[in-house]
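As you go down the protein sequences, you meet chains P and C in turn.
If you want this note's numbering, it's the 1-based position in the first sequence plus 313.
If you want this note's numbering, it's the 1-based position in the second sequence plus 2.
Any given hint might turn out to be false.
Stated by the list, open to error - Derived pair list, reagent style DSBU-like, types lysine-lysine, alpha-carbon separation capped at 35 Å:
id, chain 1, residue 1, chain 2, residue 2
1, P, LYS401, C, LYS28
2, P, LYS442, C, LYS28
3, P, LYS401, C, LYS24
These are computed hints drawn from the structure, not numbers from a lab.
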Amino acid sequence: MTTVLSASGLTRRFGDRTVLDGVDLDVLPGRMTGFVGANGAGKTTTMRILLGVLAPSAGEVRWDGRPVSAADRRAFGYMPEERGLYPKQHVAEQLVHFGRLHGMSRPAAERAVADLLERLDLVPHADDKLESLSLGNQQRAQIAAALVHSPTALVLDEPFSGLDPLAVDAMAGLLRDEVARGVPVLFSSHQLDLVERLCDDVVVLAQGRRVAGGTVEELRSGGTVRLRLQVAAPSGAPSHGADLGWVRDVPGVEVADVDGAGALFVAVEPGAEQRVLAEALRRGPVTSFAPVVPPLSEIFREVVR
Amino acid sequence: MSPATTGTPAWRVVAEREVRTKLRDKPFLVSFAVLVLLVVAGLVVSALLGGRTSTSEVAVVGQDARAAAVVEGARGLLPPGDRLEVQQVDDAAEAEQLVRAGDVDGALLAGDGDDLELVGADEVDAGLADVLARSAQAEALERNAAAAGTTTQDLLRGSTLDQRLLSPPDVDPVVATVLPFAFGFLFFLLAIQFGMAIAQSVVEEKQSRVVEILAAAVPLRSLLVGKVAANGALALVQVVLLVGIALGGLALTGRGDLLGLLGAPVLWFVLFFVLGFVALACVWAVAGSLATRNEDLQSTTSPLLAVLLAVFYLGLFGGGSLLVVASYVPVASTVAMPIRLVTGDVAWWEPVVSAALVLLAAVLLVRLGARLYERSLLRTDRRTSVREVLRERG
């Protein structure tokens, strides 16, 4: 399976409010794509358009290189931001129903549900009404509803919100399994450490526009690389005694932070960092001198500013 | 095409779930049982009222062969089901004693001359007196004819009186009052029951937020078609069962004569019922989709309830030209046209035209309803108004 779920120029207006403005998106098969952005950036709107729940004012969703059809979408899996299943229906029975809605035959759906309940430890609750389940188990049933038909693409809106750490690991495991099947997976999240850990690709939205995107490495290297200098404090003197204030005076250097025996700076001029290192060595022993790889959260703050 | 597209069409999957849920719903089953009981009770009561039979007893002196023959002849003149018993006594005194004691309804004794005499206590049942008098006349006629060397048939030749009515009276007045009520009540009850079921099923999916998953999986149109088909089928099954029980019951209780009269109007009623229900079904779905919670349904369905109530009252109290007009107004015709078919003369093309009009209305309403439903269904945040939904594009 090498099918790409892509969108180009997605725009959506509600009245005279534009909530989505020309967003491009590629969700590649066998890769996990993280979708980040502040509240109201347009993530949910984008996902709803991808699934056909909402029509775009302009732009197009493509599957396998051609405009997506209702039949294509019937085979997608979706977990909306607002969770919900039939509260009064039995768990297994309604999962079979969803499988059939997604086009499976009854026996195939029944087999898939039995497997899935096993994987999700829901077997003892198969014949319970959904509303009688604990919140955690309801979440599992919810993800089961998105996975029952072995979707050809998976779109999940905040799948990790409200999960305890163990459940987060379980959910991550499920998503990795789907990716391993070669399925394109897109999920939105506010937990950037999680996105960083799980995702191959990231797309950042801000105020309805795409402000950054690419692989996680690309994003990081695209950010400003900062250097951290750490010197040994002179013996007997308190750590703040080692004053690195001189770094500010090195030409071609922009200091972000000086804190006693440590300094964080950016070499604006190529080679300026060598001057800093030489000067530091001249003054005393250096304990570390290294580039600081910015966490995604920092990139995020930078690009959405 | 992925291998996943081999299953049942989405609308049928939706309809199946809808039917299954309904068949497990206790209030639904109970209300159906109550309806069946009502129909059966109605049949039993009408059978008891209509087919009430009586048994009369007449005392006759043992040696009086003539009185015995008259009573015997009277048996043949009784209305079907009624019976006439003979109590043999030794003499007139004993007969009178039985009459006085109320053990018999009367005593047939020898009277003045050749005549007979019917003796009662304070009164004699008119029906009984009538058959006995006619029997006595026939017996005397036969005896006197034989004495005159002729026969009764010869004597009565040419005396047959046939009847011909220039303007025969309307239908059995009982039928004329009961049937409009039955049609109106049945439509009112089932249209509301299953209409409400559609609206509730729509709002339940909104309230539980499951609608977004459904909308992502299948076109909203399939969702709507499935719900309408399921509830429409359940309503139709109920109507057919109830009507079947009623007609079958009439046949069993000896009112088979009504079947010929009612057959065609009832079949028309079932047809109009289906069309009228379909016309309103999508409007019910819209009423459901405008609400966000079950509690909102009361206000979003009130226009529909008002329309149905009006149709019901029309069936009860409508008459004359009002009924004629109503029999062409879609939905109102569901009740009005079958009533006209029972009570008045209706040209063959009238129900056909009226049915075509409902069909047209159904097509228009289904289209409009489906559009409104699709637009308002995914607004789960608050109650919406029709005007608002119409204004919005896409």
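Checked hints:
1. LYS401(P) with LYS28(C): holds, 14 Å
2. LYS442(P) with LYS28(C): Satisfied, since the Cα-Cα distance of roughly 16 Å is no more than 35 Å.
3. LYS401(P) with LYS24(C): Holds - the C-alpha atoms of LYS24(C) and LYS401(P) are around 12 Å apart, at most 35 Å.
Of the hints listed earlier, there is not a single one the structure fails to meet.
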